[in-house]
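Undergrad: Here's the letter readout for the chains.
4 protein chains.
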Amino acid sequence: MSATPPPRYAYLGPAGTFTEAALRQVAAPGDAQYLPQIDVVSALESVRAERADFAVVPIENSVEGGVTATLDTLATGLSLVLLREVLVPITFVLAGRPGTRLTDVTRISTHPHAWAQCRRWINANLPRAVHVPATSTAAAGALLAGGGSGSHLEPGFDAALVAPLTAELYGLEVLAEHVADNERAVTRFVVVGRPGQVPAPTGSDKTSLVVHLPSNDAGALLEMLEQFAARGVNLSRIESRPIGDLLGRYSFSIDAEGHIAEERVAEALMGLHRVCPHVRFLGSYPRADGTAADVRPGTADADFAGARDWVSALREGRAH
Amino acid sequence: MSATPPPRYAYLGPAGTFTEAALRQVAAPGDAQYLPQIDVVSALESVRAERADFAVVPIENSVEGGVTATLDTLATGLSLVLLREVLVPITFVLAGRPGTRLTDVTRISTHPHAWAQCRRWINANLPRAVHVPATSTAAAGALLAGGGSGSHLEPGFDAALVAPLTAELYGLEVLAEHVADNERAVTRFVVVGRPGQVPAPTGSDKTSLVVHLPSNDAGALLEMLEQFAARGVNLSRIESRPIGDLLGRYSFSIDAEGHIAEERVAEALMGLHRVCPHVRFLGSYPRADGTAADVRPGTADADFAGARDWVSALREGRAH
Amino acid sequence: MSATPPPRYAYLGPAGTFTEAALRQVAAPGDAQYLPQIDVVSALESVRAERADFAVVPIENSVEGGVTATLDTLATGLSLVLLREVLVPITFVLAGRPGTRLTDVTRISTHPHAWAQCRRWINANLPRAVHVPATSTAAAGALLAGGGSGSHLEPGFDAALVAPLTAELYGLEVLAEHVADNERAVTRFVVVGRPGQVPAPTGSDKTSLVVHLPSNDAGALLEMLEQFAARGVNLSRIESRPIGDLLGRYSFSIDAEGHIAEERVAEALMGLHRVCPHVRFLGSYPRADGTAADVRPGTADADFAGARDWVSALREGRAH
Amino acid sequence: MSATPPPRYAYLGPAGTFTEAALRQVAAPGDAQYLPQIDVVSALESVRAERADFAVVPIENSVEGGVTATLDTLATGLSLVLLREVLVPITFVLAGRPGTRLTDVTRISTHPHAWAQCRRWINANLPRAVHVPATSTAAAGALLAGGGSGSHLEPGFDAALVAPLTAELYGLEVLAEHVADNERAVTRFVVVGRPGQVPAPTGSDKTSLVVHLPSNDAGALLEMLEQFAARGVNLSRIESRPIGDLLGRYSFSIDAEGHIAEERVAEALMGLHRVCPHVRFLGSYPRADGTAADVRPGTADADFAGARDWVSALREGRAH
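Residue numbers (full-length UniProt numbering), protein chains in the order written: chain A, 1 to 320; chain B, 1 to 320; chain C, 1 to 320; chain D, 1 to 320.
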């Protein structure tokens, strides 16, 4: 009796990252094959190259903003689609090898973003500490524990700012908790797959897009936004990204409320397709917060269906 | 061998009106039954009551503006549709019974609108002349010639401001030509029928509508207009009309460029149907001036079809 | 001791018109000189020519819409300004010479607009009656009573549709009351003067304008309306009027909520002046209905003053 | 005879960074005191704390987008203003200690952003090389040369991706040139000072702002953008940034064309101040590219002055 192999998930590794915490919400370790990758680009490319079925990557942090490597890799190259989103609260601990005393810490390793998010606590509590950058918080933890792939006997730092899970996983001692400047920080992760599958609408969905404007004056942006407004579609996120070769040329990464299976979203997409030189659909998928879409009067599917029937009747000469 | 009876056209009479001049452009007297009516409302009601197949009525004058009786009668009651428009230049002559001298004229009869349009010439040339109102210019001419239905031996006036055709028809003498203040004045007439027939698109069409706004603040009017702008549809006419029972409540009578069979117009109509509390379709029909519609990039039928195919493919998971 | 002569009011006569009823609300007969005029244009020209100090003319009827002669005469020629508005309910009676019986009435005289407004009652009660047009309802009444300037022994009709005041003034007998199809019809009149005087703001004002658009596509109208929307100014009336020489060219006659002394209105006017090829200010004056302007958050005078102070401070390098 | 001390410039150090290349365009080493800082936040805080007169920091990269540390530090805290912008082309070389052979390179240190920008070249030429993150490209170079503040005898890597200037400054050997994936990459730097000084308008200026929206639906963003559009002000950059504590709340970092001393910009700012809950002015300063602002008809200073005079005249009753 043959069994289906478990799905393969590429993700931003190494073991113990916040991304792994996100992945655990999606598929338990026993039900999936975890494929840690060196960076976000590698994780997404694994799916394109069919070395993985899915990727789990961070897309937006409530403090730092959009994760540009994710946004930019999704925006060009072979099409990928978002299938689900997952929210993970971002809390840090300062961890050391067992026996380390807080007062001895002078060199702290972590990812630069994590360093930025704990800066105020460091200034207040360890003002003389210097930052030793790492490729990820988990990499700093692994290196400190001596298990990193590039390990030395001497890691060159005394402590690491890591996720609680990392400290636990690598047997590190927590020297201080609640060291993040913003206790409510959260990162949004997405599950990414190859096209061919659109999750069914749930009534609480979002649709992600990349849109290029014909020009950069205020009028072009207004014209693009009116394609949403004319169909009563709200945006939950809009971010500009440089198109890449020149300053002053932007694309927009957009999350719109609703699902492409809903008429108001479909018609707004059609409008963008007609008006903008480039539109990439990145998927419709359930919102992690479960908030139902705000469907204004006149923008429900039934309203679109009624309007379409009315116009059909008019075209055929059937009276008002 | 039985013959189809000729179509019956109700029109604003009596014989000799500018409306009859418009009707002659539509159907020669030998090919149709001419049914002169006492006023615009009667002409339109004849079609509703099936006493006539079509009505020909004035809808807009380049000097006086919209013909409110026509606009308001079309806007409510049983649905009627516009099938064609006809332009007639409006030129007046001052006509009298044979033998009348211009210097003897002191009382001039005509319709109040005609009087308004010749006011400057009258002030300059016959400053002491007074106005004797008539129900139409042709009625004034008929009365003067003695052939009016309510004729007296003595019509109570010396001359009439009438169309050249009227003077000719009633055997009146032209006392002065080119008496209109504006030599380029033109009136637009429409051929009106019962629903069940939409003229085929020609590439140079207009679509007439009546639209009520949810409220009268600037935002509601903007929202309505954006339904056109978001689909690249130009307006060639927009007129407000009081809704009727209260000051400060308006409907809008609109001519949009294009035909309901065209996608951009159909989608704009769908948008209005969703957003506005009331929309009445008054027909899509060829423009009298033959000007091709200004179809902006991204708003041709092929663009809409391409956009719809794209969204369909996305919905089915076929990749961008 | 010399006395100031009473102000001279030109108005749409003759005695007994609805316009005179409006004038009586403005200045009692003993306090003013009443100068009845043959039509609206003559009344307004009297003020331009300084034969009168003020004119009282109808500007909008809740059933018929804008009074085009008034709108068009104000829109061009020497500047005039609106100083006040007055509302008069429009009710009609059918009046005859004493002794007339309703069943004997076959010919009814009145102004065409009045005829239109009583059409339903006539159809139901006197279906065979024909319309004999008159230059005003009061003129019809005067003629019937035998006191008209162009009187005959035999007026050529049996009854007249007139204001109750007209019947009373000319000693006519009321044959039927409540004959108007719409019992709530009201006409708005304006008091017009020469520039040099702007009534003080009251908190419940309107500002009247005539605006030409650079072009007639939907975009140009949107751009004009956004000048109001960007400053939170509502419109209480917008009417298109043909510019006059060609079909398809419109100006807009607009009533905006608020007074030119208020910042949001002043800035909107400045925006129109910059963007539109022609703007004519027709005055700021108290609203007859006393409704306070809807001043949205951020659009009160204090908000504009605060914003101006902030920008001034920024320009001078005074912080944030 | 006493001399004015040279101005103090804090900048993102250490010596040899791209930021130092930008600083050199602003003030030659002999005319200014160079104060290298550990990061962008420290550089900006030096100005706030008056330990430096100016800071030079990167604000936008044509490939990576906005520099979030700069944007976010400017957006909150004590007010700072931008005084000038400088463009620096971003080109990288792979540098090693003298004698290093390209084929021996397995570990490469650099800042993560630089790594991202050379990724394609690395994959193609040194596919087995791993990334050793550094706090800056110059820090990697310094460490490699043995002169870094945290120097070891053994830096733990073989080569560094650095600016050409860095290689030169630290006596490193260039192993490969033109290693950046995008040869036209450019970074925009700004000179930041304390409020109290607004550079004079030059006709080619930009104005930087941070704006919070009242809400995140499409309508609120449209309303904000219309404050620019209604005054004909183009935007050259718009970026959303999370407000910080919650997902789904954004502020917008905006560069508008023109100078606050120009009327159209000043009035747009006033509009934002009235409509948005928070607006921070970050300065008006010359554009590095010298492109003159696109001043549309009706939006020049003379147009605003003319409009203001017109409204003043109207308010005082002086005729149109």
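No lab work stands behind these hints, which were simulated from the structure alone.
All figures in this text were calculated on a predicted structure; none of them were measured in a lab.
One or more of the hints may lead you astray.
Label-pair restraints from in silico Cβ distances [claimed, not checked]:
id : chain 1 : residue 1 : chain 2 : residue 2 : range
1  : C       : Gln-33    : B       : Val-174   : 28 to 34 angstroms
2  : A       : Ser-79    : B       : Leu-78    : 51 to 57 angstroms
3  : D       : Glu-50    : C       : Gly-196   : 57 to 63 angstroms
Just so it is clear, CB atoms sit at the ideal spot from N, CA and C, and this is done for glycine as well.
Undergrad: If a hint holds in the structure, say so; if it doesn't, say that too.
TA: Structure-based check of each hint:
{"no.": "1", "hint": "Gln-33/C to Val-174/B: 28 to 34 angstroms", "verdict": "43 angstroms, violated"}
{"no.": "2", "hint": "Ser-79/A to Leu-78/B: 51 to 57 angstroms", "verdict": "53 angstroms, holds"}
{"no.": "3", "hint": "Glu-50/D to Gly-196/C: 57 to 63 angstroms", "verdict": "58 angstroms, holds"}
The structure shown violates just one earlier hint, number 1.
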